[in-house]
Amino acid sequence: MANAPLVEVEGLTKSYGKFQALHNVYFNVEKGDVFGFLGPNGAGKSTSLRILLGLIRHDGGNVKLFGYPLGTHRSEIMRRVGCIVEKPDFYKYLSARKNLEIFGRMAGADVSRRKLEGMLDFVGLHGRGGDKLAGFSHGMRQRLGLAQALLHEPDLIVLDEPTTGLDPQGIIDMRELILRLSREQGKTVILSSHLLSEIEIIANRMVVINKGRTVQFGAVSELLNANELVVHLETGQPDRTEAWLREKGFPIISRHDAVIALPCNRDELPALNAALVAEGIDVYALESRRKLEDYFLQLVNQA
Amino acid sequence: MFLQAVYTEFIKIAAKPRSYLGLAAITVLVGVILFAMKIDGLTYISFITAGLEESLLFEGDILNGNLMAFIILQMLIIHIPLLVALVTGDLISGEAAMGSLRMLATRPVTRTQILMGKFTAGALYTLLIVLWLGLMALGASNLLFGPGDLMVLNSDGLVVLQQGDVLWRYLSGFGVAYLALLTIATLSITLSCFSDNSIGPIVTTMAVIILFTIIGTLDVPVFDAIRPYLFTTHMAAWRSFFEDPVPYDAILESAFILVAHIAVFLSIALYHFNRKDILS
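Sequences listed follow chains A and B, in order. Letter by letter, the first sequence follows residues 1 to 303 in my numbering. Letter by letter, the second sequence follows residues 304 to 583 in my numbering.
Do not take every clue at face value.
Selected chain B positions facing chain A (Cβ under 7 Å, derived; list incomplete) [what the hints assert, rightly or not]:
{"#": "1", "residue": "THR311"}
{"#": "2", "residue": "ILE316"}
{"#": "3", "residue": "ALA317"}
{"#": "4", "residue": "ALA318"}
{"#": "5", "residue": "GLY344"}
{"#": "6", "residue": "THR346"}
{"#": "7", "residue": "ALA400"}
{"#": "8", "residue": "SER403"}
{"#": "9", "residue": "THR409"}
{"#": "10", "residue": "ARG410"}
{"#": "11", "residue": "VAL412"}
{"#": "12", "residue": "ASN577"}
{"#": "13", "residue": "ASP580"}
Listed next, the stretches of chain A that the computed footprint assigns to chain B, with coverage defined by at least 3 CB atoms under 8 Å from CB atoms of chain B [what the hints assert, rightly or not]:
{"#": "14", "stretch": "73-82"}
{"#": "15", "stretch": "168-178"}
{"#": "16", "stretch": "181-193"}
Bear in mind the hints are in silico, worked out from the structure with no lab data behind them. Since this is a predicted model, take the numbers as computed values, not measurements. Each residue gets a CB set at the ideal place from its N, CA and C atoms; glycine is no exception.
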């Protein structure tokens, strides 16, 4: 059990009436991971995370955290988990400090004034503890959400779209906070997002889910291998280009009007361009994307 | 952890402005009734006793604090359920609407502990309402009108209770009235588990009370079988303590039916809340 993954999810299924939200979601999170949970809107990210946190009952599959089944050890597990699900919703009629105290007490945390003020400082809300939540911006609430998630010193932090609705500086600050938690405090973080760029910056491992299924799972560096590209080629003679590419043995992924998508290594790009020009084909655009990035953009566009 | 749940629930209740509506409403209503009675109470009393004065001679100060307290309770006890439901009907659904239920449910506490924490806090709030009503009705009335023998007119006739024989009846009556209000509180908490907006359970609670009261008062045989088991039939059981002799068997039966309702409502709430997908 000592070497078991921190989170193990196998064959997760969930339906709401006739709508099957999750078909087969699986992934593992190792201790110390900043784990990206990636998928287009409506892919099943929030449903999966809510199941992980015991907010929703799953129909099938296995969920284990810290080596224990969620179904039978929920309270013990949640003692070691801090989370923000969607946006943090607090009691607007209470102060930030009182809100922290309430959620801290319910998690069995130290809710001394010193501890609460220290946590408010950590998330950048120094001196705002006495202010009512009604006057807080979205960014400030998000910071307070992080504070309540950390107050009981959890080993695992689950953050569902933590940068949604934040301004650019807020997004940068939130990313830095997450990275500090991982690097300085050794926390394991699960982070959901519909933005690949965000996961790429923060996470070391990730799962991609779409339509309730796991479609990719592994190390970010492997999944986003910079050498494996998909090239989107736009020329003045698309039919001739397609025929030439097939003749030369290039596997064509798709063609939309004058744009042809094909896999290509980064090193081969200049030679491809030169060969097309030499063939008398007018190249208007040669846009390369990494394979997973291209795939993910297709998913997002489909959604 | 359960005590923490109760404590945090009470902090939330104490911080909500709507929690003070009940106390403020009772204070204002009692004030209005006492003011009206101080100005024109004798006319009101003579209107009631007019039919009896041909056969009975009334001596002494009939319009005293104990009678005022009884009149106040008679008038207000019908309206108190709304004041209770206003707070207890919001305990789960209000948090679901606000989104804080999601955060609460991710704490290392069981759903049963969350619900029982809310139920206990709701029960304490209901007790506070009853105590405030009692304090206002008995305290303010006796301060303003002075003590005296209590004259109660009920369906069996006129009962006159000695001044020294009244206080224990009030205290016991408040106990049964509290059970009735706790039944309302439990019903609204149960309905609150099924809703994601705070108005629904409050309105539904009042609708159930009105419906059951109508069924209870409609003198048609079709409802005879269910009438004794409706909780609304037993909400006025507190009045039985002002009969002579006190019908203890009937009071115990009422108390048992109210407790049974509380147990059934709470069981339904626990069953549903423990299985509920928190999506809000």
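These are the hints, each one checked on the structure:
1. Look at THR311 of chain B: its Cβ gets to within about 5 Å of chain A, closer than 7 Å, so that hint holds up.
2. For ILE316 of chain B, the interface hint is violated, since its Cβ never comes within 7 Å of a Cβ in chain A; the closest pair sits about 11 Å apart.
3. The criterion of a C-beta within 7 Å of any C-beta in chain A is not met by ALA317 of chain B, whose closest approach is roughly 10 Å, and the hint is violated.
4. Restraint check, ALA318 of chain B versus chain A: the minimum CB separation of about 5 Å is within 7 Å; hint holds.
5. Below 7 Å, beta-carbon pairs count as interface contacts, and GLY344 of chain B has none with chain A, the closest being about 41 Å; its hint is therefore violated.
6. The criterion of a C-beta within 7 Å of any C-beta in chain A is not met by THR346 of chain B, whose closest approach is roughly 46 Å, and the hint is violated.
7. A distance limit of 7 Å between C-beta atoms decides the matter here; for ALA400 of chain B the minimum to chain A is near 10 Å, and the interface restraint is violated.
8. Hint status for SER403 of chain B relative to chain A: holds, with the closest Cβ pair at about 5 Å, below 7 Å.
9. Hint status for THR409 of chain B: holds, given a least beta-carbon distance of 5 Å to chain A, under 7 Å.
10. For the restraint placing ARG410 of chain B at the interface with chain A, the shortest Cβ-Cβ distance is roughly 4 Å, inside the 7 Å limit, so the hint holds.
11. Proximity of VAL412 of chain B to chain A holds as hinted, the smallest CB-CB distance being about 6 Å (cut-off 7 Å).
12. The beta carbon of ASN577 of chain B is not positioned within 7 Å of any beta carbon in chain A (closest approach about 10 Å), and the interface hint is therefore violated.
13. Residue-level restraint check for ASP580 of chain B holds (minimum Cβ-Cβ distance to chain A is 5 Å; threshold 7 Å).
14. Requiring three or more residues with a Cβ within less than 8 Å of a Cβ of chain B, the coverage given for the stretch 73-82 of chain A holds, as 7 such residues are present.
15. For the stretch 168-178 of chain A, the stated coverage by chain B is not satisfied: 0 residues place a CB nearer than 8 Å to a CB of that chain, which falls below the threshold of 3.
16. Coverage of a stretch by a chain is defined here by at least three residues with a beta carbon nearer than 8 Å to that chain's beta carbons; for the stretch 181-193 of chain A and chain B the count is 0, and the condition is violated.
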